[in-house]
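Novice: Spelled out from the first residue to the last, the chains are:
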Amino acid sequence: MDTILKRLICLGCGFSYDEALGLPEHGIPPGTRWTDIPDDWVCPDCGTPKSQFEMVVIGYAAGEPDLARTA
Amino acid sequence: MTQSFVLRANERGHNVIYSDGPASSYVAGHPGGFISRESSFNFHEYQDGRPGFGAIRVFGDETFHGAGCGYNMHPHHNFVICAFVLDGELTHINTAGRGMVDPLRQGDYYVFSAGSGGKHCELSIGPEEMNAIYLWLMPNQLFLPPTYHRAHFDLRTRRNRIVQLVGDAEGALPVAQDLRVSRLVTDRRGTFTYTPRSPLHGVYVFVAEGELRCGDVTLSRRDSLGLSGTAAIACDAADTTDVFFVETVMPDQARIDLWEAAGGHDH
Numbered sequence: 001m002d003t004i005l006k007r008l009i010c011l012g013c014g015f016s017y018d019e020a021l022g023l024p025e026h027g028i029p030p031g032t033r034w035t036d037i038p039d040d041w042v043c044p045d046c047g048t049p050k051s052q053f054e055m056v057v058i059g060y061a062a063g064e065p066d067l068a069r070t071a
Numbered sequence: 072m073t074q075s076f077v078l079r080a081n082e083r084g085h086n087v088i089y090s091d092g093p094a095s096s097y098v099a100g101h102p103g104g105f106i107s108r109e110s111s112f113n114f115h116e117y118q119d120g121r122p123g124f125g126a127i128r129v130f131g132d133e134t135f136h137g138a139g140c141g142y143n144m145h146p147h148h149n150f151v152i153c154a155f156v157l158d159g160e161l162t163h164i165n166t167a168g169r170g171m172v173d174p175l176r177q178g179d180y181y182v183f184s185a186g187s188g189g190k191h192c193e194l195s196i197g198p199e200e201m202n203a204i205y206l207w208l209m210p211n212q213l214f215l216p217p218t219y220h221r222a223h224f225d226l227r228t229r230r231n232r233i234v235q236l237v238g239d240a241e242g243a244l245p246v247a248q249d250l251r252v253s254r255l256v257t258d259r260r261g262t263f264t265y266t267p268r269s270p271l272h273g274v275y276v277f278v279a280e281g282e283l284r285c286g287d288v289t290l291s292r293r294d295s296l297g298l299s300g301t302a303a304i305a306c307d308a309a310d311t312t313d314v315f316f317v318e319t320v321m322p323d324q325a326r327i328d329l330w331e332a333a334g335g336h337d338h
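If you read the sequences in order, they're chains P and B. The opening residue of the first sequence carries number 1 in the working numbering; numbering runs sequentially from there. The opening residue of the second sequence carries number 72 in the working numbering; numbering runs sequentially from there.
Just so you know, the hints here were simulated from the structure itself, not pulled from any lab data. Worth double-checking, as some hints may not be accurate.
As the list claims (entries may be wrong) - Each computed DSSO-like pair below joins lysine-lysine, with the alpha-carbon atoms no more than 30 Å apart:
(1) Lys6(P) <-> Lys50(P)
(2) Lys50(P) <-> Lys190(B)
(3) Lys6(P) <-> Lys190(B)
Quick caveat: nothing in here was measured; it's all calculated off a predicted structure.
This is chain P alone, in the form it adopts within the complex (with noise of 0.2 Å):
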């Protein structure tokens, strides 16, 4: 089984998915998997489809990754 949380990028604006932090304020809570959001979800901030998101292998800047859960 695939246990690494995954981090994901819109490409229609940036915005980006990380499954350790969910979106609480859209409704996603913390480490909810990518393939449980369903496939008609858009990215809050353009729109873009789900489909069009991918998967980055990219760190946080240094102290950012609470800037992620409010951004």
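Given chain P's structure and the hints, the job is docking chain B onto it.
Specialist: Okay, now just chain B, sitting in the frame of chain P:
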């Protein structure tokens, strides 16, 4: 091993977005104004091409038609967005730092790193068409502090040599990625060699004007070429040629495997 592709001007994604109708809140301008966008890589409606090249995700050859045409203020994160103005006047507005309104003309260019969040607006205020190259890059870190830098490439005094516009060279605009953008403008025929920092780096070569011959491939206006695994790229340029070279780090599968083996945590 050398990997390469050739993308002809007419093989790029072609989209037209009107200032009235469904995109009216996104596209600025009077009714009848429109943006034409030629995409080298998949972007928005265009999804039949390549997904990108190295850290490049968008290479858009865009023209704003009609007074006031452009993109209204809209949000971004993370992406590093660069614009290189080829014709007309671009009014760029952004929220990085204290924010700014920046008029850019032919030869002017900017690097806007959206980082932890920023908004921008791109407008052509006057009735003349505005043509710019928009380049979007994946950054090397997420949620960096937003930044904006701009500079001018003097087409008259910097001819017949390859000049680095974005990257680590002195005078180039900095970018949070292992990436360089260089430009060659000629007014006479000549042979030029582009040397990436390593053969592992990819180079995307885009001919804005004129004609460029690389090996057995001849690129005409708005044709492009992607190459990796090459220590040096020798090209013959026609006179009156304008070429962009985007050198980028390429995906390193070994590094991704290492990261996954470590549990996907930041080092």
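Novice: Does each hint fit the structure? Answer for all of them.
Specialist: A quick look at each hint next to the structure:
1. Lys6(P) <-> Lys50(P): holds (14 Å)
2. Lys50(P) <-> Lys190(B): Holds, because 22 Å separates the two Cα atoms, which is no more than 30 Å.
3. Lys6(P) <-> Lys190(B): holds (26 Å)
Checked against the numbered hints listed earlier, the structure breaks none of them; every hint is satisfied.
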